[in-house]
Amino acid sequence: MNEWLYVALFIIVGLIIPIGAIAAGFIFGPKKPNPIKESTYECGIEPVGEAWIQFKAQYYIFALVFLVFDVEAVFLFPWAVKLGQLGLYAVIEGIIFVAILVVGLVYTWRKGMLEWA
Amino acid sequence: MSFWNDPLRVAADWLQGIFVGWGMNETGAHVLVVFLGVLLLITLLMVLDIFLVWIERKVVARFQDRLGPNRLGPFGLIQPFADIIKLIIKEDTTPGDADKVVYNLAPILSMMSVLILWAVVPLAPVMLGTDLNVGVLFLIAAGAIGTLSIIMAGWASNNKFAMIGGFRQVAVMVSFEVPMLTMLLIPTIFAQSMNMNAIIDAQNVWYVWISPLGALIFLIAAIAELGRAPFDLAEGESELVSGFNIEYSGMKFGMFYAGELLHAFTFGGFWAILFFGGYRFFGLEQVSPFLAILILIIKAMLGYWVIMWVKYTMMRIRIDQMLSFNWKFLTPLSFALLLVTALMNALLASAPTWLYILGMFLANVVTGWIALEIARSATRQERERIEGPNKKVAEASH
Amino acid sequence: MTGAQIIFLMVAAFTLLSAVMVVTTRNLVHAALWLVSTLFGVAVVYALLNANFIAVVQVVVYIGAIAILFIFAVMLTRKDMRDSGPQINKNWWAGALVAMLTFAGLAFLLSGWSGFSKTAAELPAGFDSISLLGESLVSPEAYVLPFEVASVLLLAALVGAVYVAFNPSKK
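Chains as they are written, first to last, in my numbering: chain L, 15 to 131; chain B, 605 to 1002; chain A, -19 to 151.
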């Protein structure tokens, strides 16, 4: 429990410091809003169209592939911790685990899902 | 237990004695003492952050054969303070249609995600912040919050460029987390623990000697996570006009900027801890914790210098090249390296130390060389497909 | 009430409040961000239970991957960032009824469990959950088969996603 106390205090102080800095900026800075200042920046010209873009589906594919490999890496962490004491059969099991997912990566690659962009 | 050997314990006990004497109960006093310690560390980090701005500007100037700031104070040392004052007194414009809560929350979360990384950095053999037994994964967890803050910034600004920049940056950060996670497994395998302090303790031989390719891949993935060149497409000044932080001015921008520099320094520190022995230096760290902190800071500065060197030497890579590089080269290579390392670790477990080091080093070199050869032949095929076979080579071989 | 109980109650209240905000807020991206804070609350509960590894994994996988995926999905399907609509459809009373009944049933079942009213025993000193987890994941008497099957499950998820997103005209 004590370990997390330190982390919790770090989170609290880590939130206070930026809030304090931004508050200092808020206090000491001038506040003169006008419509031109508040308009969206578009390289010095008037903004054209709504502020949304056609979101490329490719971002979603990359996030999905990342999710699969993230979960895989998370499974591998306890395996890695115990590897030194377990001998060769644990290594073989880990190789099987990773190999199955590398097959998945190759499949994704061959289907052209990793092209961009 | 003198002050020089264990300053934190001595100071903490003394302060706790004072607080209990004032009538607080034990736990409350303990929490207050820890809180003061955290406040001290974070204040020192922010002061360091200020000087990182100065270091960055001087170093980039020298790389570009010019002087850098030298007007304010000796060697321009007052320059970052002037920058901070400027950022504070700037007007805080918020774009009209922006989502106010998310817009304001993003820089705060971004800075917080960098500051909490220092909770798991062991500064000295007796000054560990927290002895978290999952320190290595904590690194990735803090990175997750940082990724979230960038998406929030890009979306809440209600600006096309900010959105494109934010999404691209997040796509890159998220993609390069896979080789980073895989390379974090390698010190875990060697040290048999995810605890940062245990990893430092186990480094009788620096891990960079037994896994140089791992250190290199970790560095590349870390530079991509940081969003620094050559992977800074999201902030490309000439392409996206500063990407996700277009609409931020004043101290909010300062939080993003200073946070990025501190993040780079922190990753220099983690590179030092995971692969270069952390605060250890041939037994010097046992002399005094202050010396250990100094050693760690020097190593972190060296790592930060390597990151800056890469930034100011290489040109920016396009987003599709970045993602191809990651998913088609770096990720398979990192998995191959992980499996080779695990296999060699098991095979050489009973070998004498010099054989172990030599075996792992050679395994790394061979894996890297094979990967480069595969990449080279793939690019050669690609080039021949586009340009036609190379006539000169064909003629010379007859 | 010990300090640990007070902290747990505060965290639980925060998590429940965030969960309620997820389903009642009008802006979808805000809902995704409230989901992030709910998941973070769950991670804090894990940390309070001394399940360090699970707490960090919760942040890494849920907040770092799944929440990002949710936000991307919301942005993929919404036209406008301020697109919002009423969150409640006219059958909300049926949903609330089912939720209430489920909660009552679960509470009734759990109250018959002996551990419901006792605090958990302290873990032995030096208890290394990660080490035990690692050993049980690869030992043939424990969970090695689910470990390998998990990778097949992940492969299935990946192949399914690629198949759904595959666009043959993209060449």
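Derived by calculation from the structure, the hints in this document are not laboratory data. Each hint should be verified, as a subset may be incorrect.
Unchecked claim - To give a feel for the contact side, a few chain A residues facing chain L, derived at Cβ under 8 Å:
#, residue
1, P126
2, A130
3, S131
4, L135
5, V142
Claimed, not checked - Chain B stretches covered by chain A per the calculated footprint, using a threshold of three residues with CB under 8 Å from any CB of chain A:
#, segment
6, 742 to 750
7, 973 to 987
For clarity, every value in this text was computed on a predicted model and none was experimentally measured. For glycine and all other residues, C-beta sits at the position ideal for the given N, C-alpha and C.
Tested hints:
| no. | hint | in the structure |
| --- | --- | --- |
| 1 | P126 | violated, 10 Å |
| 2 | A130 | holds, 6 Å |
| 3 | S131 | holds, 4 Å |
| 4 | L135 | holds, 4 Å |
| 5 | V142 | holds, 5 Å |
| 6 | 742 to 750 | holds (count 6) |
| 7 | 973 to 987 | violated (count 0) |
Violated hints for the displayed structure, listed by number in ascending order: 1, 7.
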